[in-house]
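S.K.: Take a look at the letters that make up each chain.
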Amino acid sequence: GAGVSQSPSNKVTEKGKDVELRCDPISGHTALYWYRQRLGQGLEFLIYFQGNSAPDKSGLPSDRFSAERTGESVSTLTIQRTQQEDSAVYLCASRRDGTYEQYFGPGTRLTVT
Amino acid sequence: GQNIDQPTEMTATEGAIVQINCTYQTSGFNGLFWYQQHAGEAPTFLSYNVLDGLEEKGRFSSFLSRSKGYSYLLLKELQMKDSASYLCAVSPPGYSSASKIIFGSGTRLSIRP
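Protein chains in written order, with the numbering used here: chain A, 1 to 113; chain B, 1 to 113.
The following block holds chain A by itself, in its conformation from the complex:
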């Protein structure tokens, strides 16, 4: 079946602009995660959705970052007033309830100039 998909695959934006990143999880996966990975570094947890609610937003770096999920499917991560330090690969993952394996999408590479 289809895996996790993310769009766009690459995004170049000017400092100060807003960006929206999209994640389509695997059908039937109720848990959805956003991570950030800077070049050569590990994955940094941003936010976790269970269904449409977000029980853990503790990883969002600042109030410029927000995320929502509708219909227990698609999620969008919005970064307002982008800064150069926001440049990274943003990875989305989904997981089926009752299991522990997270399935990752290919990521969105964000470059802020």
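Note that these hints are calculated values from the structure, not bench results.
Mixed in with the good hints, there may be bad ones.
[As the list claims (entries may be wrong)] Distance condition first, Cα-Cα at most 35 Å in a straight line; then the derived DSBU-like pairs of lysine-lysine:
hint	chain 1	residue 1	chain 2	residue 2
1	A	K17	A	K57
2	B	K76	B	K57
3	B	K81	A	K11
4	A	K57	A	K11
5	B	K57	B	K81
6	B	K68	A	K57
[Claimed, not checked] To give an idea of the chain B side of the interface with chain A (calculated C-beta under 7 Å), a few residues:
hint	residue
7	A42
8	P43
9	F45
10	Y48
11	K100
12	F103
13	G104
14	S105
15	G106
[What the hints assert, rightly or not] From chain A, some residues computed to sit far from chain B (all C-beta separations above 10 Å):
hint	residue
16	K11
17	E14
18	D18
19	I26
20	P61
21	R64
22	Q83
Idealized CB from N, CA, C, for every residue including glycine.
Since the structure of chain A is already known, use the hints to place chain B on it.
M.R.: Only chain B this time, still in chain A's reference frame:
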């Protein structure tokens, strides 16, 4: 909180065995994961340990000692395609079914002929 330590880089020879260690300090524990990430690609699940002991899966094995806060990933009969980053991740307490995991910085493994 969680503090996860693993070596930054390792090198091994094709056909040999390599052990990648991971230590963690956490106020509680709900399981330990290993993920593989090839350069420029998304992480993929390798193993999940919640009980002490060794779990073998083909050429890969994962070991956990909860009392020591220690795990290792053992790769046998190394192949060139095993060149990748190996990410250790811990599920903190309070998250059922390991619903949230915190990643270490990863170990970049290079295989030489």
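S.K.: Decide, hint by hint, whether the structure agrees.
M.R.: Structure-based check of each hint:
| no. | hint | in the structure |
| --- | --- | --- |
| 1 | A/K17 to A/K57 | holds (23 Å) |
| 2 | B/K76 to B/K57 | holds (11 Å) |
| 3 | B/K81 to A/K11 | holds (29 Å) |
| 4 | A/K57 to A/K11 | holds (24 Å) |
| 5 | B/K57 to B/K81 | holds (17 Å) |
| 6 | B/K68 to A/K57 | holds (30 Å) |
| 7 | A42 | holds (4 Å) |
| 8 | P43 | holds (5 Å) |
| 9 | F45 | holds (4 Å) |
| 10 | Y48 | holds (5 Å) |
| 11 | K100 | holds (6 Å) |
| 12 | F103 | holds (4 Å) |
| 13 | G104 | holds (6 Å) |
| 14 | S105 | holds (4 Å) |
| 15 | G106 | holds (5 Å) |
| 16 | K11 | holds (16 Å) |
| 17 | E14 | holds (25 Å) |
| 18 | D18 | holds (25 Å) |
| 19 | I26 | holds (13 Å) |
| 20 | P61 | holds (15 Å) |
| 21 | R64 | holds (22 Å) |
| 22 | Q83 | holds (22 Å) |
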